[in-house]
Amino acid sequence: MGPRTIAPPLEPGAPSDFELMRGIQAGDADALSQLYDRYSGILKALILRVIHNEAEADDLLQEIFMEIWNQAKNFSEEKGKPLGWMVTLARRRAIDGLRKKQAYARAEERLQSETEQQPDAWVHNATEDEIVLSDTRVLIRKVIRGLPPAQQQAIELAFFRGMSQREIAAKTNTPLGTVKTRLELGLKKIYDGLKDLKDEL
Amino acid sequence: MNFEQFQNQSRLYVIGALEPEELDEFEKARMKFGKKADDFICKCYALHEAFALSLRPTKSSDVIKERLMAMVKAKKQS
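So the protein sequences, as listed, match chains H and P. With my numbering applied, the first sequence has no gaps in its numbers, which climb one by one up to 201 at the end. With my numbering applied, the second sequence has no gaps in its numbers, which climb one by one up to 279 at the end.
Keep in mind the hints are simulated off the structure, nothing from the lab. Heads up, the beta-carbon is just placed ideally off N, CA and C, and yes, glycines get one too. Errors might be hidden in some of the hints.
In silico DSSO-like pairs for lysine-lysine, Cα to Cα no more than 27 Å straight-line [what the hints assert, rightly or not]: (1) K188(H) / K233(P); (2) K236(P) / K188(H); (3) K260(P) / K100(H); (4) K171(H) / K189(H); (5) K195(H) / K236(P); (6) K189(H) / K79(H); (7) K189(H) / K229(P); (8) K101(H) / K260(P); (9) K236(P) / K101(H); (10) K180(H) / K229(P); (11) K266(P) / K276(P); (12) K73(H) / K237(P); (13) K260(P) / K237(P); (14) K180(H) / K274(P); (15) K195(H) / K142(H); (16) K180(H) / K266(P); (17) K188(H) / K274(P); (18) K195(H) / K180(H); (19) K237(P) / K195(H); (20) K100(H) / K266(P).
Over 12 Å on every C-beta distance to chain H, these chain P residues come out as not near it, computed from the model [to be verified]: (21) Q208; (22) D225; (23) E228; (24) K229; (25) A230; (26) R231; (27) M232; (28) K233.
Selected chain P positions facing chain H (in silico; Cβ < 7 Å) [said to hold, decoys possible]: (29) M202; (30) E205; (31) R212; (32) H249; (33) S262; (34) K266.
Isolated chain H, as found in the complex:
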């Protein structure tokens, strides 16, 4: 049984992500260049969501694509899709970077301020009139927006900040059991929503 994917559709004739990964595994630098063009914007957005610093995000992005090049041999088509693998790698590096930084406390303060001002800022940080959204993103945001704000916040703190359930409980002054329930319910709704999303795409 293969993993589910919700990646956006490609231009006709464009190499698939799997084909590009096979190229990278074979040492084809042009395949890496194409993969960079295809996903650097998404990965940079993810990194920025974690570390909130443009220059550091650029540096990390470069390191992550270098890691993709160096670690491509460890990518297995049977275990997942290239985008999922890259996002997992980018998220881990970004969260590691965040934890190592002296500026962690400052980023925390900024996050605190953001979450207090906009508790659901994850999917409401721009109006949809301001930006042209791809169909995929519109549909994913619709799924996430369907969650209660407290579930969105718990998932955002876990995924984009790498916080444990205990850390989320302390940060939001919420009982640990409630945090666990919010994460479980929220993630299940998103996961189930992705099934419908795959059908719509």
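Go by the hints and put chain P onto chain H.
Chain P only, in chain H's frame:
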């Protein structure tokens, strides 16, 4: 742990939100359910894609790409 509980834990696992004391039980259940468990965990990684794709892509620097490709070229030649 039944499979439905395992599914709930799997979604927490892939985003790194399982507490240390939950991980042991999760790993035991993973062994118990075998391939079915591993297949489900694989599918849960679609959550990573979804969270990344929920964000508006940010323009990445051409300079970064040039540096990256230069590093790759140097590595290939070394």
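Verification of the supplied hints:
Distance restraint check for K188(H) and K233(P): the Cα-Cα separation of roughly 22 Å lies within the 27 Å cut-off, and the hinted pair is therefore satisfied. For the hint linking K236(P) to K188(H), the alpha-carbon distance of about 21 Å falls within 27 Å, and the restraint holds. For a cut-off of 27 Å, the pair hint linking K260(P) to K100(H) stands: about 25 Å separates their Cα positions. Between the alpha carbons of K171(H) and K189(H) the distance comes to roughly 23 Å, so the proposed pair stays at or under 27 Å and holds.
For the suggested pair K195(H) and K236(P), the alpha carbons sit about 21 Å apart, so the restraint of at most 27 Å is met. Taken as a hint, the K189(H) and K79(H) pair is honoured in the structure, with Cα atoms around 23 Å apart against an allowance of 27 Å. Proximity of K189(H) to K229(P) is assessed by CA-CA distance (about 25 Å); at most 27 Å being required, the pair is judged to hold. Among the hinted pairs, K101(H) with K260(P) is consistent with the structure: their alpha-carbon atoms are about 24 Å apart, no more than 27 Å.
At most 27 Å may separate the alpha-carbon atoms for a hinted pair to count; K236(P) and K101(H) exceed this at roughly 39 Å. Restraint check for K180(H) and K229(P): the C-alpha separation of about 20 Å stays at or below 27 Å, so the hint holds. A C-alpha spacing of about 15 Å is found between K266(P) and K276(P), which places the hinted pair at or below 27 Å, so the restraint holds. Of the pairs offered as hints, the one joining K73(H) and K237(P) holds, with about 25 Å between alpha carbons and a cut-off of 27 Å not exceeded.
The suggested pairing of K260(P) with K237(P) is violated, with an alpha-carbon distance near 40 Å, which exceeds 27 Å. A threshold of 27 Å between alpha carbons decides the hint, and for K180(H) with K274(P) the separation of about 47 Å lies outside it, so the pair is violated. For the hint linking K195(H) to K142(H), the alpha-carbon distance of about 13 Å falls within 27 Å, and the restraint holds. The hinted pair formed by K180(H) and K266(P) fails the criterion: a straight-line CA distance of about 40 Å is larger than 27 Å.
Restraint check: the Cα-Cα separation between K188(H) and K274(P) comes to about 44 Å, which exceeds 27 Å; the hinted pair is violated. Between K195(H) and K180(H) the alpha-carbon distance is near 23 Å, which keeps this suggested pair within the 27 Å criterion. About 18 Å separates the Cα atoms of K237(P) and K195(H), which keeps this hinted pair within 27 Å; it holds. With a C-alpha separation of about 25 Å, the suggested pair K100(H) and K266(P) falls inside the 27 Å cut-off, and the hint holds.
Distance check on Q208(P): its Cβ comes as close as 8 Å (rounded) to a Cβ of chain H, failing to clear the 12 Å threshold; non-interface status is violated. With a cut of 12 Å on Cβ distances, D225(P) stays outside the contact zone with chain H, its closest approach being about 15 Å. At roughly 17 Å, the least C-beta separation between E228(P) and chain H is larger than 12 Å, which holds for a residue marked as non-interface. The claim that K229(P) is not at the interface with chain H holds, since no C-beta of that chain comes within 12 Å of its own (minimum 19 Å).
Consistency note on A230(P): stated as away from chain H, and its beta-carbon is indeed over 12 Å from all of that chain's, at 15 Å minimum. Once the 12 Å rule is applied to beta carbons, R231(P) is consistent with being away from chain H; the minimum gap is 14 Å. Annotated as non-interface, M232(P) keeps its C-beta farther than 12 Å from every C-beta of chain H; the closest such distance is 18 Å. Against the 12 Å criterion, K233(P) stays outside the reach of chain H, whose nearest CB is about 18 Å from its own CB.
Interface restraint check: M202(P) against chain H, minimum CB-CB distance 13 Å, threshold 7 Å, status violated. Checking E205(P) against chain H by beta carbon gives a least distance of about 10 Å; that is not within 7 Å, so the hint is violated. Because the beta carbon of R212(P) sits about 4 Å from the nearest beta carbon in chain H, less than 7 Å, this interface hint is met. A least Cβ separation of about 4 Å between H249(P) and chain H falls short of the 7 Å threshold, and the interface hint therefore holds.
Below 7 Å, beta-carbon pairs count as interface contacts, and S262(P) has one with chain H at about 5 Å; its hint therefore holds. With a least beta-carbon distance of about 6 Å to chain H, the hint placing K266(P) at the interface is held under the 7 Å criterion.
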